[in-house]
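> Residue numbers (the working numbering), protein chains in the order written: chain A, 1 to 468; chain B, 1 to 201.
Mixed in with the good hints, there may be bad ones.
Stated by the list, open to error - EDC-like mimics (lysine to aspartate or glutamate), calculated; alpha carbons at most 16 Å apart, straight line:
#, chain 1, residue 1, chain 2, residue 2
1, A, Lys367, A, Glu399
2, B, Lys166, A, Asp20
3, B, Lys167, A, Asp21
4, A, Lys4, A, Glu399
Calculated from the structure, these hints are not laboratory results.
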Amino acid sequence: MSPKTLYDKIWDAHVAHEADDGTCLLYIDRHLVHEVTSPQAFEGLRMTDRTVRAPDKTIAVPDHNVPTTLDRANAATMTEDSRIQVEALDKNAKDFGIHYYPVSDVRQGIVHIVGPEQGWTLPGMTVVCGDSHTATHGAFGSLAHGIGTSEVEHVLATQTLIQKKSKNMKVEITGKLRPGVTAKDITMSVIGATGTAGGTGYVIEYCGEAIRDLSMEGRMTVCNMAIEGGARAGLIAPDEKTFEYCMGRPHAPKGAQWEAALNWWKTLYSDDDAHWDKVITLKGEDIAPVVTWGTSPEDVLPITANVPSPSDFKGGKVEAAQRSLDYMGLTAGTPLNEVEIDTVFIGSCTNGRIEDLRAAAAILKGKKIKDGLRAMVVPGSGLVRAQAEEEGLADIFKEAGFEWRLAGCSMCLAMNPDQLSPGERCAATSNRNFEGRQGRGGRTHLMSPAMAAAAAVTGRLTDVREMM
Amino acid sequence: MNKFTTLSGIAAPMPLINIDTDMIIPKQFLKTIKRSGLGVNLFDEMRYDDDRNEIPDFVLNKPQYREAQILVAGDNFGCGSSREHAPWAIADFGITCVIAPGYADIFYNNCFKNGILPIVLPQEQVDLLMKDAEKGANARIEVDLESQTITSSDGDVLTFEVDPFKKHCLMNGLDDIGLTMEKEKSIDAFEATATQSRPWV
Ligand code: SF4
Numbered sequence: 001m002s003p004k005t006l007y008d009k010i011w012d013a014h015v016a017h018e019a020d021d022g023t024c025l026l027y028i029d030r031h032l033v034h035e036v037t038s039p040q041a042f043e044g045l046r047m048t049d050r051t052v053r054a055p056d057k058t059i060a061v062p063d064h065n066v067p068t069t070l071d072r073a074n075a076a077t078m079t080e081d082s083r084i085q086v087e088a089l090d091k092n093a094k095d096f097g098i099h100y101y102p103v104s105d106v107r108q109g110i111v112h113i114v115g116p117e118q119g120w121t122l123p124g125m126t127v128v129c130g131d132s133h134t135a136t137h138g139a140f141g142s143l144a145h146g147i148g149t150s151e152v153e154h155v156l157a158t159q160t161l162i163q164k165k166s167k168n169m170k171v172e173i174t175g176k177l178r179p180g181v182t183a184k185d186i187t188m189s190v191i192g193a194t195g196t197a198g199g200t201g202y203v204i205e206y207c208g209e210a211i212r213d214l215s216m217e218g219r220m221t222v223c224n225m226a227i228e229g230g231a232r233a234g235l236i237a238p239d240e241k242t243f244e245y246c247m248g249r250p251h252a253p254k255g256a257q258w259e260a261a262l263n264w265w266k267t268l269y270s271d272d273d274a275h276w277d278k279v280i281t282l283k284g285e286d287i288a289p290v291v292t293w294g295t296s297p298e299d300v301l302p303i304t305a306n307v308p309s310p311s312d313f314k315g316g317k318v319e320a321a322q323r324s325l326d327y328m329g330l331t332a333g334t335p336l337n338e339v340e341i342d343t344v345f346i347g348s349c350t351n352g353r354i355e356d357l358r359a360a361a362a363i364l365k366g367k368k369i370k371d372g373l374r375a376m377v378v379p380g381s382g383l384v385r386a387q388a389e390e391e392g393l394a395d396i397f398k399e400a401g402f403e404w405r406l407a408g409c410s411m412c413l414a415m416n417p418d419q420l421s422p423g424e425r426c427a428a429t430s431n432r433n434f435e436g437r438q439g440r441g442g443r444t445h446l447m448s449p450a451m452a453a454a455a456a457v458t459g460r461l462t463d464v465r466e467m468m
Numbered sequence: 001m002n003k004f005t006t007l008s009g010i011a012a013p014m015p016l017i018n019i020d021t022d023m024i025i026p027k028q029f030l031k032t033i034k035r036s037g038l039g040v041n042l043f044d045e046m047r048y049d050d051d052r053n054e055i056p057d058f059v060l061n062k063p064q065y066r067e068a069q070i071l072v073a074g075d076n077f078g079c080g081s082s083r084e085h086a087p088w089a090i091a092d093f094g095i096t097c098v099i100a101p102g103y104a105d106i107f108y109n110n111c112f113k114n115g116i117l118p119i120v121l122p123q124e125q126v127d128l129l130m131k132d133a134e135k136g137a138n139a140r141i142e143v144d145l146e147s148q149t150i151t152s153s154d155g156d157v158l159t160f161e162v163d164p165f166k167k168h169c170l171m172n173g174l175d176d177i178g179l180t181m182e183k184e185k186s187i188d189a190f191e192a193t194a195t196q197s198r199p200w201v
């Protein structure tokens, strides 16, 4: 047999039909659904009298619109259109008989955090969701694609996705990370190196010692932002850490089935002499704590650098950089660690897991946020929140002056009431710094949870290493 | 789904690279549970000021581009979120063809599901059409999907590549779900085998 990559192996195990031109029907093991990209898909099913083919493999949770304030059970905390979307999901979940975690359930949270947490996401699976950050689930060695609403409808009706195979790209992070450098810095540095279109047409497999050394939480952070690098999916081969994370989760297999699953999972790695269409290697020790300065996730620089000048770039990027600087209200040459911020947001499917909260709390312990700053922590799920309370992290955040919120997407995309005002500058642990992403005119700097915590203390972008 | 066969229309130039889906349709418009009506909010934050007045400088607000049916854009168009509201808004505005050096993957796929033809051309050819588009209403660009050609207002003919299956579906307005359902037997068979070999799924 010819050598295969991890992607090849998962792909081959899921092809339900292949046409002469290579177009495949890929069977989908898990379909995750949220309230924003699904109403039109369910409506489509109703209009054509179709049903959900595999309701058992379909899991829904509202996350994008839901308020994260403590009084959210009060319907008045939601705008009417948000409420309509959440109610539509309530109804669709019931009518079509799919698994559902309503807002009132402690297990509710961001779909990409709930899936792994509940053991829905397992190695070797195909996972889709009408959300580009579905790539997150690749951390388990599952092939996870973000899809559009028409595809959501297609998967609901047929449990398959029409796909052509992508190319294979290997991103290797060798060696060890230096202190203060995290999974977020890895994934942002990769995008800084490849650009936001560098991964277009590829499925990325992340490998190398620095990736192996990451926890499952860290691996999810890395895969989460594969999409910001243009790749539709990012993968990490499963190993003992993966199996340990999965074991005992509510929807993970048990007993003899666990053993059978484990046997197969252990075959899920890229063969030594497998073919790669593109290989990128970064040295772990070369990666610094980074922040974004512009309005594209590729606008990444070490915190020790200065705001760049448009003339540092070539081609279409010159104009784009000028536009970014204007939008961000930054002057070329300013040291990044002098840029003052108004707001700190810790949360999102990139960095809303327990390890992220631990990393931020470690910096904040016994400290206060800068006077006048607005700071919030939004745990990725109700269970992450509960665990953080148990570990005493919630108290650290509250004593430092952070708001301690309920689970949801919150200020990652500001579809709920958590938004930036025009000109407001935010240190955020989310994944997108696009214009208007966190609120019209809002200015976003992406970074790791520890860096965001450090910025909260000083009131400016800060090198976390100064506080360690 | 609407068919796409040929189009002769005004092209609006948007040379910016990395135009993301948050720019195409900001999130406050994702709260709809319908597919239609998003055209007025296409490029909302670039198109209107805080008081909802049109910003005259924005290309689609200029008299010569208000009826544009083609968009000529910079590289990596449609990056960012998977929101199909982006192609819905584009189609609802009346644009059914986008021409750019490259697209984000999910956006590219979403276009075909909504009767929009996204054409990929090398940068130099996009530059040529960009110049054409900058001439405004006097310059119509012709697109023919069957022959996979674009004719500029000066009569230059450019050819483009498109996946044959996607082309077939777009030209005939075919519904993917209907096509897939014709292969239900294969899906049934796959499911039966998979339940045996991976019963935990
Ligand atoms: S947290 Fe942000 S990126 Fe993640 S699913 Fe929610 S909105 Fe999308």
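> Of the numbered hints stated earlier in the document, which are not met by this structure?
The structure conflicts with hint 4 only, although it agrees with all the remaining ones.
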